[in-house]
Amino acid sequence: MTNLSDDQMRRLRDLVDAPDLSGTRYRIERRIAVGGMATVYLAYDEALNRNVALKILTLPDSGTDLAPRMLREAKIVAQLEHPGIVPIHDVGTLTDGRVYYTMKFVQGQTLEQQVASHANLNDRLRIFLRICDAVAFAHSRGVLHRDLKPSNIMVGAFGESLVMDWGVAANMREKWTSDSSEPRSSSKNPEPITQDGAVVGTPGYLSPEQASGVKGTIDYRSDIYGLGAVLYFVLTGRPPIPDQAVAVAIDRAIRGDFAPPRSLSNGIPRRLEAICLKALALRPEDRYASVNALSKDVGLYLDGEPVSARVEGPWEKVARWINKYQFIVIIALVYIIVRFFFLLWRGL
Amino acid sequence: MSKPLLGVILGAVLGAIDGLTALFAGPEVAPMIVSIVIYSTIKGIIAGVIIGFVARKYHSLPLGIIVGGIVGLALAYLVAMFPDESGKHYYVEIMIPGTLVGLILGYATQKFGRHPSRQTA
Amino acid sequence: MAPDHDISTGGAGGRFPATQYSAIMALRSGDQKERERALETVATVYWRPIYTHIRLRWKRETEEARDLTQGFFMQVLEKDFFATFDPQRARFRTFLRVCLDRFIQREDASSARQKRGGGVDHIPLDLVEIEKSLSGSATYPSPEDGFDREWVRSLLSLATIRLRAYCEESHRGMAYRAFERYDLDPSDSSARPTYATLAAELGTTSDDITNQLAFARREFRRIVLGLLREMTSSEEEFRDEARTLLGIDVT
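Protein chains in written order, with the working numbering: chain A, 9 to 356; chain B, 252 to 372; chain C, 29 to 279.
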């Protein structure tokens with residue numbers, strides 16, 4: 009038998025992995041990322057002279073649901089034209105039978121990297137609000153993401169936020185009313201893409217109902233939980249349930265067992281913690297009614313206004329007002345001090 | 252309420268308060284307090300108009316605060332140039348509070364008040 | 029992109045369709061001849077990693093390692109070692125390594141171990157080449173790494189042999205020659221001939237070389253993945269092994 013050298017072995021491995029793009033208008037530049045089922049490459053679109061991200065199933069489908077899932081993902085995202093959702097350009101099947109689609113190539117950082125490098129909380133919260141906009145838009149089109157987490161959010165070079173990886177997104181069967189931008193409570197089950205009992209999502213960011221894997225319990229409020237988990241990460245730099253064995257993480261997610269943000273860092277404002285905890289409520293009916301309600305509360309926090317998630321005591325109101333009008337308060341205090349100083353000076 | 256109008260109203264109020272606080276300077280000020288308050292109010296209105304129009308044109312909090320401080324300082328200096336009956340000047344007592352009032356006006360007109368609506372093409 | 033700890037599952041079981049041949053499952057067949065055929069395939073792929081494992085993990089010398097490798101495969105057939113293999117519990121590769129370790133331990137404990145040979149030596153063990161690799165064994169961080177890497181090497185080697193046979197059968201010999209010259213032979217990428225050079229060597233055009241290479245690579249990939257399916261017994265195991273084969277953890 010041919011005895012291959014290490015170099016030959018490496019080349020042959022790359023050859024097996026590399027997609028055969030003959031018949032397409034794309035040229036592979038380099039591999040960007042690898043997931044469980046698919047690989048993402050930076051590719052060059054020779055027809056439109058631009059870089060794209062090309063996502064390809066790693067292996068040809070052998071009668072399972074991988075190819076339909078990937079095509080479905082592409083179709084779902086293609087319907088969502090929003091600046092906060094990565095746009096799909098093209099979809100097809102390679103000569104070796106692998107399904108692919110192309111999307112915008114985003115240059116920037118994941119939210120994970122952004123939070124690590126960005127110390128300013130308000131800036132991070134503004135990024136979070138843009139993420140909420142994108143998810144709210146998706147909900148208004150009947151689409152759930154179901155796998156919201158910092159590694160699925162890209163922050164571009166100009167501060168734009170894009171929600172990526174809609175691989176486990178679900179299309180709600182219920183049609184939204186045309187005069188409402190808020191989703192109605194669904195009396196029907198969202199169209200599942202997994203079989204009974206199979207858990208979809210990422211440990212650490214799973215809602216309790218996703219973790220339990222019970223069919224028919226997942227709706228837009230699961231995404232609100234996901235956004236709450238992302239907010240938790242924005243505030244603390246870690247997920248609500250940190251890296252653990254999958255079974256342990258699922259169990260903790262089902263019970264809602266995670267440390268409140270302020271127990272990790274008591275510099276986190278109470279109002280923000282309250283917003284985060286409301287979004288992460290164990291029961292869906294205790295969470296925000298919609299993504300817009302969640303983003304409204306975060307917006308109110310940024311404006312120094314009271315938030316719906318927390319009832320303020322009188323001293324808290326005073327502290328908030330002082331914080332909101334810090335500049336005037338300081339100048340007024342300085343004014344008073346100066347006046348008293350002159351009074352004393354005169355007295356001397 | 253437009254920014255210049257906000258500046259006028261707030262300038263008048265702060266000017267009046269600033270004038271009244273002159274009473275802290277000493278009992279010798281009391282006979283002149285009415286004129287002090289009037290002049291201080293007028294100073295505040297003028298400062299408010301200028302700062303309000305700057306806020307209307309330039310939407311920048313740091314710029315508004317700096318301009319407010321400079322205008323407050325300048326107008327306070329013009330007032331402080333006039334001595335009292337005994338020929339004494341009160342530069343520090345007038346200019347520092349005047350500057351502080353200008354800073355507050357600069358902040359407030361940037362933060363509050365209605366922006367002029369943009370004309371569409 | 030979701031990291032590997034994405035826990036979405038594909039559903040129940042994920043077993044291969046009945047028509048998908050798996051040498052691993054054929055090892056448990058009731059038909060003796062089918063078991064022997066399956067063992068031959070498995071042995072061709074696994075003798076190198078097994079030999080390497082015995083040399084690196086158990087620190088045996090060449091002759092003893094050879095002897096144990098042959099003995100292990102003989103025992104697999106005689107004693108139906110793989111009857112207890114359950115694909116739901118472990119990958120075959122891991123199971124085989126555990127069986128091998130137990131075999132070595134039993135052999136060590138038994139003072140009646142005999143040198144095997146004569147009639148059993150049907151698995152050609154090319155020790156010269158493998159000993160060359162092992163002499164540079166500083167490149168293997170661990171015996172397990174050595175086992176995995178030799179497994180990949182065997183798989184790809186067997187795939188090149190099958191590609192050659194397939195190209196000859198389908199009268200696409202030129203495709204294999206182009207593949208051999210361009211993708212297989214060069215000591216490194218800088219030593220590759222240009223398409224024009226290759227076209228001149230093979231008496232064709234550069235465009236034809238492009239097509240021939242595309243054909244050969246496509247078939248090579250199909251053969252590798254087909255071989256991988258033979259070496260696994262379920263869809264999930266196949267995907268796991270594909271990750272190892274394709275080095276998917278390396279970006």
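Any given hint could be a false lead.
With a straight-line cut-off of 20 Å between C-alpha atoms, the simulated DMTMM-like cross-links for lysine to aspartate or glutamate are [unchecked claim]:
#, chain 1, residue 1, chain 2, residue 2
1, C, K107, C, D136
2, C, K160, C, D213
3, C, K160, A, D141
4, B, K362, A, D98
5, A, K286, A, D141
6, C, K107, C, E91
7, A, K325, A, D311
8, C, K160, A, D15
9, A, K83, A, D73
10, C, K87, C, D213
11, B, K362, A, D311
Partial list, computed: chain A residues near chain B (C-beta under 7 Å) [to be verified]:
#, residue
12, K332
13, I336
14, V337
15, F349
16, F350
17, L352
Label-pair ranges, simulated between beta-carbon atoms [claimed, not checked]:
#, chain 1, residue 1, chain 2, residue 2, range
18, B, K362, A, D294, 32 to 42 Å
19, B, K362, A, G116, 27 to 37 Å
20, B, P334, A, S125, 54 to 64 Å
21, A, R18, C, E89, 26 to 36 Å
22, C, E89, A, D251, 42 to 52 Å
The set of hints was computed from the structure by calculation and includes no laboratory data. Glycine included, C-beta positions come from ideal geometry on N, C-alpha and C.
Exercise. Checking against the hints above, which ones are violated?
Worked result: 3, 4, 6, 10, 12, 14, 15, 17
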